[in-house]
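There are 2 protein chains.
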Amino acid sequence: MSAYDNLKFNSEGLIPAIVQDAASGRVLMMAWMNRASLEATVSTGKTHFWSRSRKKFWMKGESSGHVQIVKYIAFDCDGDTLLIQAEQTGAACHEGYRSCFFRSFEDGGAKARVTEKQLQTPEEIYGKK
Amino acid sequence: MSAYDNLKFNSEGLIPAIVQDAASGRVLMMAWMNRASLEATVSTGKTHFWSRSRKKFWMKGESSGHVQIVKYIAFDCDGDTLLIQAEQTGAACHEGYRSCFFRSFEDGGAKARVTEKQLQTPEEIYGKK
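Chains as they are written, first to last, in this note's numbering: chain R, 49 to 177; chain S, 49 to 177.
So here's chain R without its partners, still in its complex pose (with noise of 0.2 Å):
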């Protein structure tokens, strides 16, 4: 049986995939795919999504430089998200932190707090716009 026979993509087609760095163990983000941005991935060893805002296939990094290679993809017991262990070159996040998970609950969810250093600002990344 064919790994992609476990998958379950929801109603739109997709399935969540969580983006691990394979050497630290951080979260990077959590991320759609559709059946060919997977493929994409397992084929080309980049991290491939769909975006549902612009309805859009993208490469991670495309824009930004900032691609992830991919070193393994598990998959959970009911087949409905993806967990992947990737070698992050530079910020995964668009606002230019190494992690999209860069705010934490404090005071019982009473405050935000920034918990990691910006590495560069979107302008850095993207240029002006």
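The hints are simulated quantities; they were obtained by calculation from the structure and are not laboratory data. One or more of the hints may lead you astray.
Intra- or inter-copy, both count: the list cannot distinguish identical chains.
To be verified - Derived lysine to aspartate or glutamate pairs resembling EDC-like cross-links, with alpha carbons at most 16 Å apart:
| id | residue 1 | residue 2 |
| --- | --- | --- |
| 1 | LYS159 | GLU87 |
| 2 | LYS119 | ASP155 |
| 3 | LYS119 | GLU154 |
Given chain R's structure and the hints, the job is docking chain S onto it.
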């Protein structure tokens, strides 16, 4: 601004929550929360979710005893995914594995491979059905 004000629940009132072992960094599972389950998670310090299949509010470990003690709740740049660091008692997976992500792609997805030892059978956890 409250941390909650940064969050975007989807059209069903849900947000995905990635649970990561606080000690090892292993990603254990991904499940969905509504506002009430997130508030219960914050107030009790144990993870609570919303089951989309059973349409039911549930505490992780309520049947199995495999509770998750919350150490840290982060959210991503778009505010549409949570990352929870927790101390896991026993197996996170209802199939008896430490992590739900116990299978991985092999040979470019041609096969799936089990990468973890099963700690308990489901019958040992939940009793015979």
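Practice prompt. Please name the hints from earlier in the document that this structure breaks, with their numbers sorted from lowest to highest.
Written response: none
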